[in-house]
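Asker: Got chain A sorted already, so can you dock chain B onto it with the hints?
Those protein sequence lines, which keep their order, are chains A and B. My numbering puts the first residue of the first sequence at 1, with every later residue one more than the last. My numbering puts the first residue of the second sequence at 1, with every later residue one more than the last.
It is possible that some hints are incorrect.
As the list makes no split between identical chains, a pair holds if one copy fits it or if it spans any two.
[Unchecked claim] No farther apart than 30 Å at their CA atoms in a straight line, the calculated lysine-lysine pairs in the DSBU-like style are these:
| hint | residue 1 | residue 2 |
| --- | --- | --- |
| 1 | Lys268 | Lys234 |
| 2 | Lys24 | Lys117 |
| 3 | Lys136 | Lys117 |
| 4 | Lys235 | Lys98 |
For the record, the hints were derived by calculation from the structure and aren't laboratory data. Remember, predicted model here, so these are calculated numbers, not experimental data.
Protein chains: 2
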Amino acid sequence: MNNELLAYKNYIESQLNSLELPEKPNQLYHPLRYFLQIGGKRMRPILALISSQLFSGDFQKARGAAMSVELFHNFSLIHDDIMDNAPLRRGQETVHEKWNLNVGILSGDGLLIEAYKQLEEYDGDTFKKLLVLFNKTAIEVCEGQQYDMDFETRDDVSIEEYIEMIRLKTAVLLGCSLKMGAIVGGADEDNANKIYEFGVNLGVAFQIQDDYLDSFGEGEKIGKQVGGDIIAAKKTYLLLSAYEDGNKKQIERLNDALSIENKEEKVKRVLDIFNELNIAEKTRRKMKEHHDVAISNLDNISLDQATKKPLYSLADFLFGREH
Amino acid sequence: MNNELLAYKNYIESQLNSLELPEKPNQLYHPLRYFLQIGGKRMRPILALISSQLFSGDFQKARGAAMSVELFHNFSLIHDDIMDNAPLRRGQETVHEKWNLNVGILSGDGLLIEAYKQLEEYDGDTFKKLLVLFNKTAIEVCEGQQYDMDFETRDDVSIEEYIEMIRLKTAVLLGCSLKMGAIVGGADEDNANKIYEFGVNLGVAFQIQDDYLDSFGEGEKIGKQVGGDIIAAKKTYLLLSAYEDGNKKQIERLNDALSIENKEEKVKRVLDIFNELNIAEKTRRKMKEHHDVAISNLDNISLDQATKKPLYSLADFLFGREH
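Isolated chain A (complex conformation) (with noise of 0.2 Å):
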């Protein structure tokens, strides 16, 4: 990270430990507080200061949208912890188990009121433009991640739905984050709805290269097991393409594989089977794809490129091409 982004983090961590919540009902508000503070990269608030930041020139304007896309993420991965029956988020007891369901379903309710409520600060036709896209966001996360677990017991997902799904799970908060630093900021109808088509498209993209580091990646640097997905046999990009690819006797031994108990083994063969089928390189040119046409909806934006370069540099950065 940058200093300019470390910058925007720091002070979103500041606006996150200045949060105003009401002491008490102690196990509505305490768990919140917790898991705000558990940390994370910080992405969509960052996105939302960043961009007003090009667009007005001061990054403050997106506060109250910056919190609001955090405390939605927030919202989201408590209840879905519960639904992925998850017992740690970066490390941490997550808040079904370090407490119990019920409190993990109410906070995040919470939560998710207390996001809408950072939305006060602004009025007219910005909060109702800022509420209009936050509700339609919101609600195709709900349907993403519906759409995950739907997955997990259907056996014939297409890519096509795959990536769907990502983009309404993950990709679409963060074209919303975008967006709404550009709505506070100013901006006019096009490049606002340019700037989303940026977020969303490098959000598909993030999401496939996480699929594939989860393969290919180098273990230390991706912070995770490498394989966890291959052992968890989930439907990730890389799976379902090589589903698609594969012949009848490939997929045979796709299925054996995945039904191996040695998770080493499990691993080695289905990766195997991947570099038959140049899964790696189908994966690399699918996000290449995505993040290409990410960079031609910030070209379009119609602002000077030196004012763009945060953005550009923020591509780069995600995509581990920091220079």
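Answerer: Same frame as chain A, but now just chain B:
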């Protein structure tokens, strides 16, 4: 229910029936449609419509506000049913029971967002005012639910705390419904606040009546088993009053009675103590206290008495004094 209330209820049912929800993902939207059609009194949206009619002569101005409070109410029921482990709601399977926990959580989330979306038909100051009130109310309802859960495991709940809990969990949403109707109907702030207080006090009185009828109502009239709260040892206004008013001996007998396995015997023994302590009378007094404040709030609204008639009728209706 008189004809006017019935007409409002029918209007809401038709609006709910024509609510446009996407088809997919089916596991997200089907549970919403299912839950919305299992019915209910539609008290909250009716309040919004009446209030708008009162101040503007046009109940349809409150369409979005009415839908919003009804969808919010149903969101809270779906999540509460999970937290309370309830298998049935109005005689039909609850969402988490008919589908599963994850569907209950996510479709609840979706319904909360849809509740916000309903307000998009308003603009400018009206929109902002509605949102601010809605946010405040929504978080209060969550706080009320948390207190309610906290009380289950606490043995030092005061009557004051109990009243505050039912105010948050139930009454503020009634006040909010009326105030939203007032806002869209163009009421001034003073009148809007008075109708809010009318709703809150009516809600508290109504909830106390609910407790009262469980012990002292006639079975068929209340549509549930008399003594259900006693069997569940629920900390109602009555039980808390008995603990507050009873001497050491009586409290011991109360505790003994509550630990009896046989349901009939349990209810009988607890009712004996309620009768010794005059709990029925005390409860009716408290109910009347809030009912009277509600009526005086209504008296103070600066509109013709004739115009306000539907709300007087409603207050009578809710307390079984309908003529």
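Asker: Now tell me if each hint is right for this structure.
Answerer: Hints, one by one, checked against the model:
1. Lys268 / Lys234: within (16 Å within a copy, 57 Å between copies)
2. Lys24 / Lys117: Both, since 18 Å and 29 Å are each at most 30 Å.
3. Lys136 / Lys117: both (16 Å within a copy, 8 Å between copies)
4. Lys235 / Lys98: Intra 29 Å, inter 27 Å, cutoff 30 Å: intra and inter.
Checked against the numbered hints given earlier, this structure breaks none of them.
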